[in-house]
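Asker: Sequence:
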Amino acid sequence: MKRIVSVAVALVVTVALAWSAGAQSPAVLNAAVGGNMNHVPSFVGVEKGIFLKHGVDVKLKVLNTGQEMSKALQAGEVEIIGAAFSNFPVAVERGMQARGVVGLTGDRSSMYSDQPVAILARKGGGITKVEDLAGKKIGTPVGGTGDEYLGVVLAKKGIGRDKIQLLNVPPGNLVSALQGGSVDAVVTWEPFGSLVESKVPDAVVVSRGGGHVGYYINMSVRADVIDKRADVVERYVVGMAEATWYTRKNRDEAAEISTRWVPGLDAAVAKKALANMVFDARITPKTVAAWEDNNRILVEQKKMRAALPWQQGIELRFIEKVMKSHPQFFADLPK
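All the letters of the sequence shown, read from the start, carry residue numbers 1310 to 1644 under my numbering.
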């Protein structure tokens, strides 16, 4: 469900006043993010006043999928989106003008990082391993990371995508679809994998992670904003760097904050989901290599016509500058 969430707390007001007293009013940026655990740093950055501290008033529009975020950006509703490498390149190929300026999810010291993605089935449904998925109905948001991950996992077992029945199930409906038996298995990201495990009795984890795809999300800014408001973009990148650092250092608090942004999520499930998450603002050579590998996969899966150069989807100058100016937000990360 599309919704705009605004959280007003005393800290945010205080920080905004402090910024206004010392400089111009905070610059407003509208960002489309997912109603899931990938975007916890954005929730944290807004609620803790981190973005405002750096002179940016970030308004969050919470949507279900990366495809919806891309549409919001192209419609002029937002200037920033947080779509994954499984669908962001597709939108760029189709004409979307935006580039990733700061990292969000994924272990940036590796080319493959997919621990938040899982294939889950009901106990007693005859599915205990990937090979058992042949001939079954699988639910996932079509065109999303679950779709890409499933295709790669099946291919590695020699199973063609035509051997399964893929059903387009929105993230919020995956639990009920599996519970009700309309699908035999689901493929999803967090917190929906942890929700399935908590709500479907004896749910079977058929596959989780495994280094099959580079599940990375960068926060991407519209090209005209990058060109005309580079100072604001840089302040936003500093804010995201601090927000990801704060989330890593305060996971229990971050889990609690996420329950106010993700429908139907309680703190216990949020904490379990966060155990599968890595938040890292860097854009490393490994991340760039993952862009290229995801493009290759998307072409193989016939979702793109041709691979795109990474420069069409990634802008390194902001994060490279912030890593030098604010090293404290990266010191705890693997090299």
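Bear in mind the hints are in silico, worked out from the structure with no lab data behind them. Where hints are given, some of them may not hold.
What the hints assert, rightly or not - Pairs of lysine-lysine residues, derived as DSSO-like cross-links and limited to a Cα-Cα distance of at most 27 Å, are as follows:
{"id": "1", "residue 1": "Lys1595", "residue 2": "Lys1508"}
{"id": "2", "residue 1": "Lys1580", "residue 2": "Lys1370"}
{"id": "3", "residue 1": "Lys1466", "residue 2": "Lys1580"}
{"id": "4", "residue 1": "Lys1581", "residue 2": "Lys1537"}
{"id": "5", "residue 1": "Lys1438", "residue 2": "Lys1466"}
{"id": "6", "residue 1": "Lys1432", "residue 2": "Lys1581"}
{"id": "7", "residue 1": "Lys1508", "residue 2": "Lys1446"}
{"id": "8", "residue 1": "Lys1368", "residue 2": "Lys1537"}
Claimed, not checked - Estimated spans, in silico, between C-beta atoms of each pair:
{"id": "9", "residue 1": "Val1608", "residue 2": "Gly1520", "range": "18 to 26 Å"}
{"id": "10", "residue 1": "Lys1633", "residue 2": "Gln1333", "range": "31 to 39 Å"}
{"id": "11", "residue 1": "Arg1614", "residue 2": "Lys1466", "range": "26 to 34 Å"}
The beta carbon of each residue, even a glycine, is placed where N, CA and C say it ideally should be.
Asker: Each hint should be assessed against the structure and marked as holding or not.
Answerer: Status of the hints after comparison with the structure:
Restraint check for Lys1595 and Lys1508: not satisfied, since their Cα atoms lie roughly 36 Å apart, outside the 27 Å limit. For the proposed pair Lys1580 and Lys1370, the alpha carbon gap of about 23 Å is at most 27 Å, so the pair holds. Between Lys1466 and Lys1580 the CA atoms are separated by roughly 32 Å; this puts the pair beyond 27 Å, and the hint is violated. At most 27 Å may separate the alpha-carbon atoms for a hinted pair to count; Lys1581 and Lys1537 exceed this at roughly 41 Å.
With a C-alpha separation of about 10 Å, the suggested pairing of Lys1438 with Lys1466 holds against the 27 Å cut-off. A C-alpha spacing of about 21 Å is found between Lys1432 and Lys1581, which places the hinted pair at or below 27 Å, so the restraint holds. Taking the CA atoms of Lys1508 and Lys1446, the gap is near 20 Å; set against the 27 Å cutoff, the hint holds. Between Lys1368 and Lys1537 the CA atoms are separated by roughly 20 Å; this keeps the pair inside 27 Å, and the hint holds.
The beta-carbon spacing between Val1608 and Gly1520, approximately 20 Å, falls within the hinted interval of 18 to 26 Å. The hinted window of 31 to 39 Å between Lys1633 and Gln1333 is violated, with their beta carbons roughly 25 Å apart. Hint check: Arg1614 to Lys1466, Cβ distance near 27 Å, so the stated range 26 to 34 Å holds.
In this structure, the hints that do not hold are numbers 1, 3, 4, 10, in rising order.
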